[in-house]
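Here the protein sequences come in this chain order: A and B.
Taking the UniProt record's numbering, the leading residue of the first sequence gets 1, the next gets one more, and so forth.
Taking the UniProt record's numbering, the leading residue of the second sequence gets 1, the next gets one more, and so forth.
Keep in mind the hints are simulated off the structure, nothing from the lab.
Bear in mind that the values here come from a model prediction, so they are computed numbers and not experimental data.
It is possible that part of the hints are untrue.
[Unchecked claim] Computed spacing ranges between beta-carbons, pair by pair: (1) Glu571/B / Leu155/A: 55 to 61 Å; (2) Leu180/A / Glu74/B: 49 to 55 Å; (3) Phe438/A / Val108/B: 36 to 42 Å; (4) Ala74/A / Pro336/B: 37 to 43 Å.
Ideal Cβ placement from N, Cα and C applies to all residues, glycine included.
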Amino acid sequence: MLRFVLRRVGISLLVMLGASALLFWLVTVSGDALADLRESNAENRQTLMNSRIRTMGLDEPWWSRYLSWLGGVARCFTLDCRLGVTRNGVDVQQLMGNAAVTTLRLVVLATLLAIVVGVAVGILTALRQYSGFDYTVTFLAFLFFSLPVFWAAVLLKEFGAIRFNDWLADPLISPLVTVLLAVVLAFVLQSIVGGGPRRRLTTGGIAFVWIAVSLVVFEETGTFRDPSFGVVPLAIAGAGAAVLTTTLVTGLGHRRVLYAALTTVALVVVGSLALGGVVDDPGHAVVLVGLYALAVVTALVVGWAWGGSSRRQAMAVSAVTATLVCLLVLMSKVAEYWGSYLVLQPRPISTIGASTPGFAGTFWEDFIDKGTQLVLPTILLMLISVASYSRYTRSSMLEVLEQDYVRTARSKGLSERTVVTRHAFRNALIPITTIVAFDFAGLIGGAVITEQVFGWKGMGELFQTGLNQTDPIPVMAFFLVTGSAAILMNLLADIAYASLDPRIRR
Amino acid sequence: MRITNTAAPIALLAGGALLLSACSGGTEEVTETESAGASDVCTTSARDDSVVAAQEGAPVTPEVFPEGGGTGKEALEISSTADDEIFYSVGQDEWSGYNGAIPENYDVYTSVVNARTASGFIYYGTDGEVHVDPEFGSVEKIADDPLTVRYTINDAAVWSDGTPLDYDDMVLDWAITTYTGGNLNYADHPECHLFNSVSGSYGEYAPNGPEGEIGGKEFVVTFKEPYADWKLLVGGLGQWYPAHVVAEQIGLSADELTQAILDEDFEVIAEAADFFNTGWANPAPGELPDESLIPVAGPYKFGTWVAGQSITLEANENYWGTPAATQRLTFRFAEPSTHVQALANGDLDVIEPQPTVDTLTQLEGVANASILTGDTLTWEHLDLNHRDGPFAESMELREAFAMCVPRQQIVDNLVKPINPEAVVMNAREVFPFQENYDEVVSESYDGRYDEVDLDGARAKIAESGVATPIDVRIGYVAGNTRRADEVALIKSSCDQAGFNITDVSSATYMDEGGERSLGDYEVSLFAWAGSGQVASGANIYVTDNPQNWNWYSNEDVDAAWKTLESSVDPEVHLEQTKIIEKGLWDDLHGIPLFAHPGLVGADSSIQNVRKTATQNQVVWNAEQWVR
Numbered sequence: 001m002l003r004f005v006l007r008r009v010g011i012s013l014l015v016m017l018g019a020s021a022l023l024f025w026l027v028t029v030s031g032d033a034l035a036d037l038r039e040s041n042a043e044n045r046q047t048l049m050n051s052r053i054r055t056m057g058l059d060e061p062w063w064s065r066y067l068s069w070l071g072g073v074a075r076c077f078t079l080d081c082r083l084g085v086t087r088n089g090v091d092v093q094q095l096m097g098n099a100a101v102t103t104l105r106l107v108v109l110a111t112l113l114a115i116v117v118g119v120a121v122g123i124l125t126a127l128r129q130y131s132g133f134d135y136t137v138t139f140l141a142f143l144f145f146s147l148p149v150f151w152a153a154v155l156l157k158e159f160g161a162i163r164f165n166d167w168l169a170d171p172l173i174s175p176l177v178t179v180l181l182a183v184v185l186a187f188v189l190q191s192i193v194g195g196g197p198r199r200r201l202t203t204g205g206i207a208f209v210w211i212a213v214s215l216v217v218f219e220e221t222g223t224f225r226d227p228s229f230g231v232v233p234l235a236i237a238g239a240g241a242a243v244l245t246t247t248l249v250t251g252l253g254h255r256r257v258l259y260a261a262l263t264t265v266a267l268v269v270v271g272s273l274a275l276g277g278v279v280d281d282p283g284h285a286v287v288l289v290g291l292y293a294l295a296v297v298t299a300l301v302v303g304w305a306w307g308g309s310s311r312r313q314a315m316a317v318s319a320v321t322a323t324l325v326c327l328l329v330l331m332s333k334v335a336e337y338w339g340s341y342l343v344l345q346p347r348p349i350s351t352i353g354a355s356t357p358g359f360a361g362t363f364w365e366d367f368i369d370k371g372t373q374l375v376l377p378t379i380l381l382m383l384i385s386v387a388s389y390s391r392y393t394r395s396s397m398l399e400v401l402e403q404d405y406v407r408t409a410r411s412k413g414l415s416e417r418t419v420v421t422r423h424a425f426r427n428a429l430i431p432i433t434t435i436v437a438f439d440f441a442g443l444i445g446g447a448v449i450t451e452q453v454f455g456w457k458g459m460g461e462l463f464q465t466g467l468n469q470t471d472p473i474p475v476m477a478f479f480l481v482t483g484s485a486a487i488l489m490n491l492l493a494d495i496a497y498a499s500l501d502p503r504i505r506r
Numbered sequence: 001m002r003i004t005n006t007a008a009p010i011a012l013l014a015g016g017a018l019l020l021s022a023c024s025g026g027t028e029e030v031t032e033t034e035s036a037g038a039s040d041v042c043t044t045s046a047r048d049d050s051v052v053a054a055q056e057g058a059p060v061t062p063e064v065f066p067e068g069g070g071t072g073k074e075a076l077e078i079s080s081t082a083d084d085e086i087f088y089s090v091g092q093d094e095w096s097g098y099n100g101a102i103p104e105n106y107d108v109y110t111s112v113v114n115a116r117t118a119s120g121f122i123y124y125g126t127d128g129e130v131h132v133d134p135e136f137g138s139v140e141k142i143a144d145d146p147l148t149v150r151y152t153i154n155d156a157a158v159w160s161d162g163t164p165l166d167y168d169d170m171v172l173d174w175a176i177t178t179y180t181g182g183n184l185n186y187a188d189h190p191e192c193h194l195f196n197s198v199s200g201s202y203g204e205y206a207p208n209g210p211e212g213e214i215g216g217k218e219f220v221v222t223f224k225e226p227y228a229d230w231k232l233l234v235g236g237l238g239q240w241y242p243a244h245v246v247a248e249q250i251g252l253s254a255d256e257l258t259q260a261i262l263d264e265d266f267e268v269i270a271e272a273a274d275f276f277n278t279g280w281a282n283p284a285p286g287e288l289p290d291e292s293l294i295p296v297a298g299p300y301k302f303g304t305w306v307a308g309q310s311i312t313l314e315a316n317e318n319y320w321g322t323p324a325a326t327q328r329l330t331f332r333f334a335e336p337s338t339h340v341q342a343l344a345n346g347d348l349d350v351i352e353p354q355p356t357v358d359t360l361t362q363l364e365g366v367a368n369a370s371i372l373t374g375d376t377l378t379w380e381h382l383d384l385n386h387r388d389g390p391f392a393e394s395m396e397l398r399e400a401f402a403m404c405v406p407r408q409q410i411v412d413n414l415v416k417p418i419n420p421e422a423v424v425m426n427a428r429e430v431f432p433f434q435e436n437y438d439e440v441v442s443e444s445y446d447g448r449y450d451e452v453d454l455d456g457a458r459a460k461i462a463e464s465g466v467a468t469p470i471d472v473r474i475g476y477v478a479g480n481t482r483r484a485d486e487v488a489l490i491k492s493s494c495d496q497a498g499f500n501i502t503d504v505s506s507a508t509y510m511d512e513g514g515e516r517s518l519g520d521y522e523v524s525l526f527a528w529a530g531s532g533q534v535a536s537g538a539n540i541y542v543t544d545n546p547q548n549w550n551w552y553s554n555e556d557v558d559a560a561w562k563t564l565e566s567s568v569d570p571e572v573h574l575e576q577t578k579i580i581e582k583g584l585w586d587d588l589h590g591i592p593l594f595a596h597p598g599l600v601g602a603d604s605s606i607q608n609v610r611k612t613a614t615q616n617q618v619v620w621n622a623e624q625w626v627r
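This is chain B alone, in the form it adopts within the complex (with noise of 0.2 Å):
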């Protein structure tokens, strides 16, 4: 998953593909009724006339963005672009193509490339905090109830052919997202399925789309409901698409594509769609398309790409915005095992290579290199079995084994090596480099488990009344080095307290069918990519959620999972993620234990390089390196 996207949980997308035939209207009699019910169906659950436009002075808890700086990009005098190349690799597989938000190009080898010829609204900081770019526009909330945001356009924002970037593509980044399987509005309509998109949210929230002048640079969004994560779904797609191109294929002018989305066309929106989805393909692998089908609106534009090498990006000299500071970006599709001898050898730049203890101390040994550590947002817990097991029916078995779980030492023998400022992490939907971090934690965790306690153990044991040895499997998935070392720290300990830790790991751990859907275990070792959302723990810890794993169920978290996910206001979000917390806690949901480290390593020559926790990988601030 990538985390500059965001869709709802949808219902199933069957034969959406097939279906697209069916709503762009053909000479078939039974094609065509089924389009003119489609058109009725689509346009009554997209378009929602309870939405209304917000009152004249309706109050508006106003909107802070973090400034630039701290974890935003910093503000960099770059005024020339140096006849450079910078080599970089995300892994060894192939970049699938322009049209990164098709689910079959999702994947994170092509977003980290297309991230880098795209701008928008939002950026994620080193800590995956949202940051507006104001060299792309601004955003400003006007209205809490309805939720009702204005967006403005950079008035120099152009795409790369020189097409100015305005409201067309806006309404078609909406088209997108809304005429499409994500979207929940039409989870019973698989004739509105006409975009084959990641993504269905923005529709979904905003059922009557942006406001606006056609051509215009300036729209308002009003959403249906209030959403944590609304920063997100304008734009969400993690790259524009150009409306003058698409319109073009299908012998319109940008603003009549516009004014059919508008209208609800549906014979124009399906052709529209139909290009979405098969138009940007490429020929072959190593072959673009055309340069004209693929404009971009970011630092840097698709250069060349040599199939099974690299690809490479150019420039964009049509960039409005502070220009990219080298010529040239390099992405070699390397496997990641061979980095450290690359950039010892020249051959690759910046690398972020597998954080292990083994690769810091090769990557030590390069005489030439600059070593960044730090965490990600990633984070590896314990989960408590809540359905069947001593753990789901005993709170003092649970305690006792909270106890005995050597968190410190895990900290201190596994993690520190590789990142020595690594903590012990004591909460789940805060990162302990968070801003907010020592706040949640102070209120909704005492620390009665930072200490090994084996005889407090042994008392909750015994008050539990269950005769020991208590038998514990500890699951996760095979080959996985640092976990069998986790299970084998906790054994020594637990088992002292009187509990029998057996290892369980299996290669099949996580599947469908496997031992976690089972529920074949006391314990799952596992770890969990944070999103960058605000509300995408829901999933994850109210009852009955599909990722509610260990079949956990508190009231009064459900309860706080509601508040938060309709809630705008940043102070709610805190204070419920708050009462979360202490929720988890207080039921021992699971153990968290640390968030994961990360590794970079960068020719000391390269500037500007900066370490980020989030899943946009080093590259994110790219544009600003320069030797």
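Isolated chain A (complex conformation) (with noise of 0.2 Å):
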């Protein structure tokens, strides 16, 4: 394996190196680095000229600018990169440090709602083949697959940023609007659970009036503004993520299980409640890191402890209902400091910019202005990887549920849910762990639009602003750590098929 490894990596730096002389040299003859001087009849052009040439070396053939390019990148071995200074004279490693925490932000948080969301829409069509729902979803995700990025921001800005923000500052909702929600939310709900007529009109009936009673009372309780929620609603939703985790791990015949789930659901929320201090004010978000290992520990003991013969599920239901109820509480704090973040900052989606200038206020009201920044761009950037990852996740699933082994265990009386999910699911998410790790590093570099029309100054941009000035010293710190990536993401990759399928281990 370790020989495997070292001469991937080999051939791997090799092609970098390649590459990057490749790019150099394309960046260098891209344009004219001296271009938007050109055209200015300011007098000093001349001065300006001259120590632009001096800056960028534009005196020098391009393999000579190269040449010291590389020399300075292999200093890195001596851990004192010298990764040269754009045209304004800007050191680059210090922009490309801030361009890949930027990027970093805005792709993490879209990648994993990305594969949660795509890889549960993508079965649930599997399970639903041929169904309304499943050609509702196909047409879907061809269409937002091939949407302009650009376009589909300046729509979004308007209905999520403009309009939103006018609506919130007086949310009502009409009537008509609200039959309509609730009209259209039944129908899809419907279609997702499936069975027959009767059950679909249940299902309807029930979410249609949850849903309109929801609306009406949230509009007339001012809720839209001020959604704080207690204790109670927290632990009932706490109850509720337990016994479906319970449900799809490991049903909820192992009372042993579903016990250990509602005995960390329970130390979770009495936790948070006797710990509210820190958690109303944590100072700084590692705090709140360190809260969560801990909960999943307790979690882990809780499991183990109640676990009996069925140890191991006990422990990972329990760490994932921890997790969730986590994820709970955090969105109980956002929703206590809603209302207070409104009065700081009336229109809270806004268009453009990683966080609002001159923003100052608690830890959570700064954390949900954060949040809010991120809302439109992890839509976008979600929008066309749940395409994609959904649509994989299906034919995927769908080939695996054909296999023959499969049908046995169907056939020796195993519960639809133990063969989808403990059979079918795994082998399933093989080819989309490989996916996924392809994709995650062509993120990286690829939301170079979503940056620009967001005003985020990512590696996307790093790049952008490099090409069009034909300065080659960002474009190769963007190549650098994309390069990088690949690199890597392929390698976890092909380590990870290699392990996950026996197939193809040699």
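Now that you have both chains on their own, put them together as the hints suggest.
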């Protein structure tokens, strides 16, 4: 295995070296680095040109500039990288640091959400193959996949930001809209749940009433502007999460697992109350991560204690439940501070930027501010990824479901839940893992347009500005990061693939 | 380029940074020899003994500066600063740093921000006219020959750290623009290029520097020759640099630094230059230098900077003039195409987007936006190739072409939808919205190309004896829709007269070695950005000058530019401009088309937003904005 890895890395580095020379050359010949100054009739034009020629080394041939860049990169082996300066003399390493952080913030959440939603939708469509739901999702997936990003962004800003903010100033929902929303959602829900006409009608009916009543109640109680909820709804939602997780993983028949999950919910909810002060003002996000780790450890202990014969499942279910409840606690905090945040920032969803300039609030208000700025770009990135993930998952799942061993599992009397979650799902995930790894590497460099239309300065912007200015240094910095990410992810995918699928092990 | 800066075209600045060490003196033998030599050379070239003080009672033509109001800043009753924040965006590029006068930082994204933290003797009104800022001080011409000017700084003027702004800072300002590559007096002496500065004109034209009392508020500048744009020289860097900070960094007091500069102590000057060149660099993007290092002398000071996001200016509580109307002014770094929606959502309060019909329509859809349109100081024109091709050989063909170009139609179809006031431009050195325009046009151009005259064009072509169709290539930088439309309109008209117009746009058109520099065109379509200077056009129209891109030559025009450049009398400027314009029309150097339209959108709750034609952008009076 080690030899395999080393060989892969070695080859990849050689490819990087060749590609870097090619890219450097391509950037230098892509245009004229002095173009913007030539059309200027400022009298100090010549001074500016000379200064730029000096900074960028334009009087040298491209290979000489490339070699000096390569020399700077080679110093990385002595932990003293010199990646050069941009044409304005700014150290590109610091630019790259900022850009990488920005891009990761933008991409990580979108990727995680896209995986969860995409895989879930993919499996649901596979299970409801050729249903109305399946056809609708297929249609939407192709629609989203082919959306021009900049155009979708303009629409998102118009409806998701400008009109939403206008509406939020005085959140009223007319009766007609209430009914329409409820009808649409109820229709979607019944098509997902499926079953016979009677069951569909019941599902749809209940959903319709539930949604319509909720909307009216929300509006009457001003929930849209102050959605805070107390500990009782939190506990109920937590219990729901515990039941759901248990159902999916082991089935409710395993009482010990269910009890472990419920105990975890109780402990986490009580814990969040006991540590209320810390949760209210953790000071730094690291504290929150610590609290989360504490919750997971507690859950593992609870699962171990309750587990008995199904100890492993109990621990896994408890840990997943703890994660879900922690997310619920996070939501409850966001809901609690939403009202005070709106006072500071009356138009929460913004169309540009990664944070409101000069925003000063408590920890959670700050958290919400950073979050609201992420909403639109995340949705945009998600739409495209979800479309492809759901398609891949669907076909992979369908293929697995037709395998002989699945038929065997069914015929020996296993429940449909066990067949789907234990036997089919895991195997269906193998190809998805590879795709996700590639995709993540691609997204780091590929969010160029999203970054641009939302005014984020990430890796894409670094690349684009460099290219527009015919300045190879920032482009090469971009290349180093995305190239390394691609190699790393490629490698991880290969290793994961080899260890997941015995057939390709050698 | 930016209009608040001026500098002469200069020779090579090669290796300026490297040579700094040579001048600062060192332990090595070689360096010391060089250092000594440098001092000699720089000293003799800097001071010019032929410049003598004006005689008592020397003749003076009084310089009349326009009153405030009109195209200048309105005198508004602003007595307090509202605790509020206004958002603006220049574009997506990051702000570069406190020192906007080193070439690496010299771009519009930086200078527009820094200009709000600065004030000076002069500023540009909305039409590019030079106004005096009475809150900063006064400018008084005391002799015509040699041109001698007395500057007085407001007694109350202080830096934001409380240190008085005085003669010391003026001497530093002069030194920065003297011991630098842009100073033609040192063209052959790179060892004198101590300061890495964008401009060297002040030192070139006033080699003896400002004369005054150390620590005083008044000084006199004597220029070595009358220079048309003298008003732009003092403070031409766009911001003052704090002599007390520079002096402290090299272990001196401000007065000692000033004395050293006046004494031509090149070791001290080189140390000061070293700090100027590197000392104000940002520690990292998003991190400003220590506050004590970056005092300002204007209505706003630097507040917080978030890398990749925004820079916020805070009202300067030590500003002596009318206080800023709003506490915080934030420049967000956002791509121009996002600005209209950002305005609609309140993420930006004032925007100056790309002036296109689409943007205007979009802006009109924003409920609470007020829209301002008008001209800018950038003008579109057709330059005819005077070196080779049909137009170089035949005056008749030039006339025929001018007769068939549908200028009115171009303006009606392509410009008026954005700026309803737009007109065909009939001059090059004055804009239709400027005071002297009608007078200059009426004496230089008789209106003969106002209307399309196809018959006339055909007759002229017949007269030239050239067989039709005559191939005419119109070149411009590809990717500009409006220019493509202009060429299409010209083609549909001129092809009827006997030309065969082809659109030879290319992405590399303006590059060195591109079609424009090779002369692979008959007609060149592009725009010049007006510089706000009186004499900058000489670069374009005088025989063999660096920006005379269509090889035009006319002795009368050359002579008129010479007279204009060496005069400080606005009357002379006007007369020579008439001669120049007439020459350019009579030879058909090219055909002016229109001034580019400008577009501003503002949240209607913001008061005192005024559009300007200059490149200072609509923020030029941001200190008066208030909600």
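Verification of the supplied hints:
Glu571/B and Leu155/A have their C-beta atoms about 59 Å apart, which keeps the hinted 55 to 61 Å range intact. Between Leu180/A and Glu74/B the beta carbons are some 52 Å apart, a value that agrees with the proposed interval 49 to 55 Å. The hinted range of 36 to 42 Å is satisfied by Phe438/A and Val108/B, whose Cβ atoms lie roughly 40 Å apart. Checked against the given bound of 37 to 43 Å, the beta carbons of Ala74/A and Pro336/B, roughly 39 Å apart, stay inside it.
Violated hints for the displayed structure: none, as all numbered hints are satisfied.
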